[in-house]
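Residue numbers (our numbering), protein chains in the order written: chain X, 1 to 497; chain S, 1001 to 1483.
Incorrect hints may appear among the rest.
[Said to hold, decoys possible] Quick list of simulated restraints, FRET-style, between CB atoms:
1) S:Glu1291 to X:Pro31: 57 to 63 angstroms
2) X:Gly302 to S:Lys1354: 49 to 55 angstroms
3) X:Asp292 to S:Gly1475: 52 to 58 angstroms
No lab work stands behind these hints: they were computed from the structure. Computed from a prediction, not measured in an experiment: that's the story for all the values here. Backbone N, C-alpha and C define an ideal beta-carbon position, used for all residues, glycine too.
The lines below spell out each chain.
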Amino acid sequence: MSNPREAWEVVIGLEVHVQLRTAAKVFSPAPWGFGAEPNSHIDPVSLGLPGSLPVVNLAALEQAIRLGLAVDAEIPEVCAWDRKNYFYPDNPKNYQLTQMARPVVVGGSVEIELPGASRNVMGEHRRVRLHHAHLEEDVGKLSHAAGGSLVDYNRAGVPLLEIVTEPDLRSAAEAEAFLRALHALVTQAGISDADMEKGQLRCDANVSLRRPGAPLGTRTETKNLNSISGVRAAIEAEVVRQARELEAGRPVVQETRGWNAEAGRGYVLRDKEDAQDYRYFPDPDIPPVAIDRARVERLRAGLPERPFDRQRRYLADLGLPYTAASVLVADLALALWFEEAVAAHPANPVGIANLVANDLLRELAASAQPGEAAPPAPAGLAGCKVRPAALAELVRLTDAGAISKQQAREVLAEMFLTGQAPAAIVGARGLAQNSDAGELERVVREVVADPAFAKSLAEFRAGNAKAINALKGPIMKRTQGKANPALVDEILRRVLS
Amino acid sequence: MAEPLHTLGAAELGRRLASRDLTSRALAEALLARAASRRELGAFNSLDADDLLRQADAADARRAGGRSLGPLDGIPVAIKDNIAVRGQPLTCSSRMLAGYVSPYDSAVAERLRAAGALLMGRLNMDEFAMGSSTETSATGLARNPWDPARTPGGSSGGSAACLASGQAPLALGSDTGGSIRQPASHCGLVGLKPTYGLVSRHGLVAFASSLDQIGPMARSVDDCELLLAALAGPDARDMTCLAADARAPRVLPADRKPRLGVPRALLEGVAPGVRKAFDDALGVYRAEGCELVDVDLPSAALAVPAYYVVATAEASSNLARYDGIRYGHRAARDGDIVALMSQSRAEGFGAEVKRRILLGTFVLSAGFADAYYGKALAARARIREEYLGALARVDALATPTVPSSAFRLGEKAADPLQMYLEDLFTIPANLAGLPALSVPSGLDGALPVGLHLVGPPLGEGLLLGLARRLERATGLAHRVAQP
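Chain S on its own, in the form it takes in the complex (with noise of 0.2 angstroms):
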């Protein structure tokens, strides 16, 4: 066997369990001896060897026993840190919530288990998913594999460095603002935010409810599906999921070209490397045979100002509750109740998260909500009228995932707004609840840049497809990052 075990994609290991050509156990053994060769590179806040090992041993007896249950079953699932799995910690990479252990399993674990995967280990990401880069996180920062001076984006940064450099075959992110999709065209992956509704949320920390969504990515196109598959579905904990009668998938029409929005007004300021390669991109779909149409998306503008309203505002409720009294960091201290939990938030909370609860606050407060939250949603509606005026009209929308390839580490640490902007094109697809992927579509010198598809509702399978089409043509699927 010419490749090893860390640089094979779900399907073909879900072919080699099958046929017996490959245990669970062995599987898992090559993985976590792979994690513990490429520590450096901080994907992992926290890996329980033991118990993937116990969850690989379970679906290998399943197997022998002839029960397997499906193209899933003993292929690990790396998970981000802020999704819970009944036992295991779940520290959203903040020292707010070190050694706090989740009594329960998300919607998306059980689906999992359900499905035979094995649950592993526990992802770096931003502290609370605000960040793009993993350099907020509490627990160490991630590197980008195929340049460790990088950052492999965020948040969901430890999924990104854990897929790119061969330490599992698929993991779960979440994006609440391109968080899946930013770290996925920074390390030449595939990530996909679903619509919103598609995948259960009941289990994921709570960013920003309205725009929050648990996507799978991987290393290719069809293990990003297969991941999907096994995601979405109804669920009665979520009210917020689509009910199972509210869920008719969107394709690509058979009977005509496919038709690809592109928005040029916004293609502006992007870097020339990653230009090169959105072109390229655009190439190969007209090369398919795909219709390039040039549309218009004025109020595209006012994605990013809206999203740091909404996302804001939300947070600081869904942030409330870290207060030191029920779990939690508790800062040592007596005194009255009030100052306990004030400071132990003033001590568990890092700087960003500390800076969005601020802003949230101040949006929502008496005098200015109708100016920022009532205004902010009002762009809100407006966004998400123009992007299914323009669905209407073609299948998808193109742009770059990120207007530039992955930087430096520390180099917008300071900056927050230009940090902000690394979301501009990704955001949208958020705001207006639309289902949006990255798929790597060329190189910047060494490093991946992905293209960006935004689809209508329910429209993953037609972006899966577009996807596809693209991959065949580039070839950038399955890289691993040596060493």
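Here chain X stands alone, though its shape is the one from the complex (with noise of 0.2 angstroms):
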């Protein structure tokens, strides 16, 4: 019998949360940032305190419209506010600042990198559209406790960026390479640090199935998601739980669901009866926005390089290997230290990628101090004690035969422990290769000569080839072990040919 799901499209757009990375809240001067101490970061606006009015924070908008730049959307003339009405006490004036009508950001696409067949190959890459996204403020902290609930409003008021994509994705691995690419594009662009433990990128997942070809089906909303693990494993089960559903003859229902992630399972939170009526209107604290398109352009311009696009070009104008490039592109910090490096050194950026890639993050991982994680490579790589011209500087030894490939992985590991220049790693331990052609045939011809080794001569001259192996000896014991072994391979064949 076939699997029934797989008669089923599964049909799912997000919602993501994304707090933006501003000093200051989104209407108000009030500072925030995570893990304070309960309703410190707090003033008359977060809390709503009688008098007290929104002013549109212009860093929190720069950061919206950033987004949309990064994501080719239109940015329109002019943005504005309105009121969402609803009653509870983590929302300070028991109504949310959103963008309803007019959000600053109006479609656009997030280019997405599917799994290849193997972590060594690149899977395929798409484009999920976006319908839009508005800049509205976060709400606060309601936890309860043994006698009463507590409310912590230092989360009130700070920037958050809602991003709505088109129901476009077609699997949870598809939802969850979406979160993973726009989580390296705000990130590496600087609009969020978006780290999903601290609630700073949070996700709600609308699904639905239907027959391939069919009208969209009745979809349902999974709310507060806050890890991708999360985000996958909800969208499956609910997958399951809709097939589940449908084949046994019974509607998919219209709700609001919850995710317990301990349980793995999902839950109801409100159905459509219980819809809110939100009596939006515009806010007549804050006049409609007009964004000056100057300003758009110098955004433009300070946008750093897409990670894909920066992977496109690794791969075709470098040539680096998709797995090397894949680890460079997901971390800025670490590809603009890469691209340092290849600018002091241009001829062998596959040189550098390697020692990058896999020596010098093995380094930074296992400096980290026990017991701890591995600092971020940005933390890491700011203290780090090797620059770039110097890693540049170990590759063009080695391009230069100076020393070999083993030898240079070694002078890294002395180059990040003392910060030393290579070149003076090499001198200090003598690791530099004799490549005088002239001194060492002398040598060659010292030992070709030296009847202690004739027996391998003839064992070589008698066909042999294994046999050399045992002049070599000889050889680099002579030259203490610095002579440039391919070029006393080449001299002996010469002598004794």
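Need the complex rebuilt from these two chains, each delivered in its own frame; the hints are there to steer you.
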């Protein structure tokens, strides 16, 4: 029997809430940040005190515009805020300032990369369309303790960009790929720190099933998913649940659902009958804001290269292997570090990429304090004693045959510990290869003439090709191991021929 | 000195302070004594005498040190209880905010402090500025000093009662649909609602944000102008406050007669005594060489219904924050949070506030918003267009401020619709964002009656100039009710 689930097409749209990276809140000068004492990042606006008024933080608006530019969206001439009215104690004014009618970002798309056949093979790239993104204020946090409820308004008014996709995603894996791509995009552009564990990136998933080609089915919305694995698990579970309903001949009910990550189960939060009437209307305290075109262009010019654009360039222009390219583009600081090294030694980007992506990252990971996670690469790189130009110099030495690749790894380990220049380490350790052809030929002839090795010489001449290695040992010994092995081989064969 | 201090205007007091004939402390003490003797008028919700005297001493010290801050330095300005003053109660005459103290200064409080003015007391008002008689106040009603059986008007009734009885020379009101001008008319004062955005709303407790403006009230045109100058100015904390470069004032043209527009079709139903004072005022202007022009404002009839949709819609949202969670009245009950918020609001708000919250919630509800809120916005846009069109042909529009003089307390309290018609002439200026003032034009028996003038955007100077001409002719400046 075929699995009937294969006959369903899964349709997913995401609403992703991203806390924007700003010093101040979206409508007040109060500072914000994760982990502060409860109710320490507050002011009259954050608390909705009588007489307080919102003032749009232009830095937050600029971050929202930057996201729009990073996804090739339209930035309208004017955006405006509406009030979404509902009563809840974490909502200081009992209305939320959001953008219902005139959002700051319209349309656009995010490029995603689906998993490849193996981790060394690049998967399909696809664009997921965005419906819009709107800039709103986050709410406070309510916690229920024995004997009462507590509310912390530190988060109230934190700038929140809600990014709403079109229903373009077809599987939990695609949803995951979207979130990873969006995460890389916003963190690299400095739009958001997007740390899901700190709630800086949260996701609602709209899921429906249909027969291929049929109109969209009834959807459910699962709210407040706060990890990528949670998004994946919640969608997978919801697909199974809906398929089971439909296959049993029961319609899917339009409802808002929650996700219990511990139990791995979804549950109904409220059904359509409980749907709230938010009584949206234009906020009279914030006149529509005109978005200056020159400002938009200035912001566009200040955006870094997008991760997948960089990946394409590394593959096509620099000839990097997919895995090294992917490791480098995943982290902007690492990619820029790599590019600085390439600029110092443009002849061998692949050699530099391999040293950075394999050896340098391994040293960074190993240097983390015991019991601590490795510091994220930007922090690790900032304190790293190896500078890009020094690593480039190391690759140049290797390329010139001054040291072997194996020696290069050893030198890099030393550079990582001491910060010394590669040439100094090579010199101090006596690692430099002897590539003086004249001197090496003298040593070769000495050994060939030495009766102690006559037996090996005879065997070689008798046709035992491997016997030549018995001659190389003494040559290396007489050069204190510094002889360039490739050159020794060449000279030895010439002398013996 | 013949006149007691409490009858003097701010400009005269400023002169005496400047010439050292008077200290700010002596003035403050005289006004505190006057306030104590007129307490039955219900003008103040609270009056912190120690705080006032401290401010007065500081003003005297400044002056003694040669560091006077200008014409308002040392002069008390009484403050309506919906305008935040740091460390003082901010109750909006509501049980909901009983005991609430503002932790910050409003923009106007800051500006007044910078001008050296003494921030005096907390003036009674209709609850959350919703009313036209100060009868919806939860702290007790205010009385008209000219006839204590009558209303001083509202919602800035405490401001008007305070000024007309000589408890302060200057006062702040707020005006959403006539709340400065109607009480000014009923109490024989000059009250001005500025162009929307001329004065910052930062620290003004919102009733209907797109209509609310803080404005000056005084016993003469000069004093009103003096106070306005201190209040007006840009403020980055209120995005609806006009930027400095958007503040080109409009004045009366020097090269021709001023033109006054009279919408005669609106004057039906005006009480005879009010009508006579109005006609007398027009006579003054004609004699002064003004040209009187009939104007047609057909959409003005939509103003009251449009107002009660827009204002209540905004109010329903603005007042949602009063839920007993963070501050304000909290019901004494356990149980779930939603029930706690609901019960706190049920106990904290009075009937008129509840009526408007319900109405505003209804007009914004799904299925009704287009028919009510949407239509009201369309009517508002048409009214603004019509008024701006008329004001392109005339310098100002003249009507009575209120169709009748001050009514007896309790007379209209049971009939909200009748009460809402008090604001018939004043509401359009709020809907259109235009400046408007009320200036005494005569008496209906013993009761004062005001003339209402609406001007073009930023035409405050123009309106004050016109008001000054009438004031000179009527001699109705600086009147303080006895005793």
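Taking the hints in turn, this is what the structure says about them:
{"no.": "1", "hint": "S:Glu1291 to X:Pro31: 57 to 63 angstroms", "verdict": "holds (59 angstroms)"}
{"no.": "2", "hint": "X:Gly302 to S:Lys1354: 49 to 55 angstroms", "verdict": "holds (52 angstroms)"}
{"no.": "3", "hint": "X:Asp292 to S:Gly1475: 52 to 58 angstroms", "verdict": "holds (54 angstroms)"}
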